[in-house]
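Colleague: Sequence:
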Amino acid sequence: MKKKVKRSKLLRTFNSLCAVLLMVSAIYIMVMGFNSVAMAAMAVSVAGAAAPLVQGDEGILEIVIGTFEAMLDGVVAVIEGIASAIASVFS
Numbered sequence: 001m002k003k004k005v006k007r008s009k010l011l012r013t014f015n016s017l018c019a020v021l022l023m024v025s026a027i028y029i030m031v032m033g034f035n036s037v038a039m040a041a042m043a044v045s046v047a048g049a050a051a052p053l054v055q056g057d058e059g060i061l062e063i064v065i066g067t068f069e070a071m072l073d074g075v076v077a078v079i080e081g082i083a084s085a086i087a088s089v090f091s
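Just so we're aligned, residue 1 is where the sequence shown starts under my numbering, counting upward by one.
Rather than coming from a laboratory, the hints here were simulated on the basis of the structure. Computed from a predicted structure; not experimentally measured. In this text, a Cβ means the ideal position worked out from N, Cα and C, and glycines have one as well. Where hints are given, some of them may not hold.
Just the calculated beta-carbon pair ranges, DEER-fashion [to be verified]:
1. Phe90 / Gly59: 42 to 48 Å
2. Ile63 / Met30: 25 to 31 Å
3. Gly56 / Phe90: 18 to 24 Å
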């Protein structure tokens, strides 16, 4: 199994922000329908998550896989933050 990629806290925060933007715009599209602003928000969030990978200059497959990995890492960080907040309320 592949080891977890080390990322700085700033990059993890940025990936979390991109993941939140992607989730919010996807929910908005499902509820309100397609809108150019929501589609632009989705494009910006994916492009933002892919930007550090493109600068790495490793190849197209690594960029695509790395983008999905960064978005998934951002979603996990958001869920971890929510769980931590709920746990701190009950302790």
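Colleague: State for each hint whether it applies.
Modeller: So, going through the hints one by one against the coordinates:
no.	hint	result
1	Phe90 / Gly59: 42 to 48 Å	holds, 46 Å
2	Ile63 / Met30: 25 to 31 Å	holds, 27 Å
3	Gly56 / Phe90: 18 to 24 Å	violated, 41 Å
In summary, the one numbered hint that this structure violates is 3.
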